[in-house]
Amino acid sequence: GESVGLHLPTLSVQEGDNSIINCAYSNSASDYFIWYKQESGKGPQFIIDIRSNMDKRQGQRVTVLLNKTVKHLSLQIAATQPGDSAVYFCAENRISGTYKYIFGTGTRLKVLA
Amino acid sequence: DGGITQSPKYLFRKEGQNVTLSCEQNLNHDAMYWYRQDPGQGLRLIYYSQIVNDFQKGDIAEGYSVSREKKESFPLTVTSAQKNPTAFYLCASPGPGNTIYFGEGSWLTVV
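Chains as they are written, first to last, in the numbering used here: chain A, 352 to 464; chain W, 9 to 119.
Same shape as in the complex, but just chain A (with noise of 0.2 Å):
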């Protein structure tokens, strides 16, 4: 069934490494991000969000980055783990809310042992 994540740009790091995956948001008035993670097969999964009042935002093991000025958006995985192999994408809304949600095509991540 792993059909969803061909064509992907992809990244492959070392394990151990720390892994950056970038994201360029369309709408400007979109104040509000999210990153998710989404293995083969499964659903997409909630990693850490980001308000446009903010410019970074640390989880566990990672980092959201907001760069409103060129609308770019990047996760930041530290310390990277065989588990964290699956595609990343982002999506975009507004704090108000709104049925439109944006969502990137995704990057897929590959950790190497």
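Any given hint might turn out to be false.
For lysine-lysine, the following DSSO-like pairs were computed, each having C-alpha atoms within a straight-line distance of at most 30 Å [to be verified]:
| hint | chain 1 | residue 1 | chain 2 | residue 2 |
| --- | --- | --- | --- | --- |
| 1 | W | LYS22 | W | LYS91 |
| 2 | A | LYS461 | W | LYS17 |
| 3 | A | LYS461 | W | LYS79 |
| 4 | A | LYS407 | A | LYS393 |
| 5 | W | LYS78 | A | LYS407 |
| 6 | W | LYS78 | A | LYS451 |
| 7 | W | LYS22 | W | LYS65 |
| 8 | W | LYS79 | A | LYS393 |
| 9 | W | LYS78 | A | LYS393 |
Covered by chain W, according to a simulated footprint, are these stretches of chain A (three or more residues, beta-carbon under 8 Å) [unchecked claim]:
| hint | stretch |
| --- | --- |
| 10 | 423-432 |
| 11 | 451-464 |
Covered stretches of chain W, as calculated for chain A (at least 3 residues, CB under 8 Å) [claimed, not checked]:
| hint | stretch |
| --- | --- |
| 12 | 79-86 |
| 13 | 107-115 |
Since the hints were derived computationally from the structure, they do not count as laboratory data. Bear in mind that the values here come from a model prediction, so they are computed numbers and not experimental data. Glycine residues also receive a C-beta, built at the ideal position from the N, C-alpha and C atoms.
Let chain A serve as the given structure and place chain W on it in line with the hints.
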């Protein structure tokens, strides 16, 4: 365990056949959405429902239908009018703070 449950995980459709994908949530959320996921593309919105007994077409509603008779349930029917139904289908629901949560997905294949 609170969450969004989709079934079946795998479904095969014959030409000319309608099939229904189930989505149930016990999160007490008002809104529920259906997305389609194809290789190399972002999620595309099929239908959404902001509240029980109401639903709206998304960006790619043609060939699909939904109902929202209960708050917990938002089934998606893929009709024979959908000419390219093979895809991974995701049911989702936004919660407090506007974070959107997803089910585990259903694979639909035309045979």
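Now the hints, each set against the structure:
no.	hint	in the structure
1	W:LYS22 - W:LYS91	holds (12 Å)
2	A:LYS461 - W:LYS17	holds (25 Å)
3	A:LYS461 - W:LYS79	violated (39 Å)
4	A:LYS407 - A:LYS393	holds (28 Å)
5	W:LYS78 - A:LYS407	violated (40 Å)
6	W:LYS78 - A:LYS451	holds (23 Å)
7	W:LYS22 - W:LYS65	holds (25 Å)
8	W:LYS79 - A:LYS393	holds (24 Å)
9	W:LYS78 - A:LYS393	holds (26 Å)
10	423-432	violated (count 0)
11	451-464	holds (count 7)
12	79-86	violated (count 0)
13	107-115	holds (count 8)
The structure does not agree with the numbered hints 3, 5, 10 and 12 stated previously, though it agrees with the rest.
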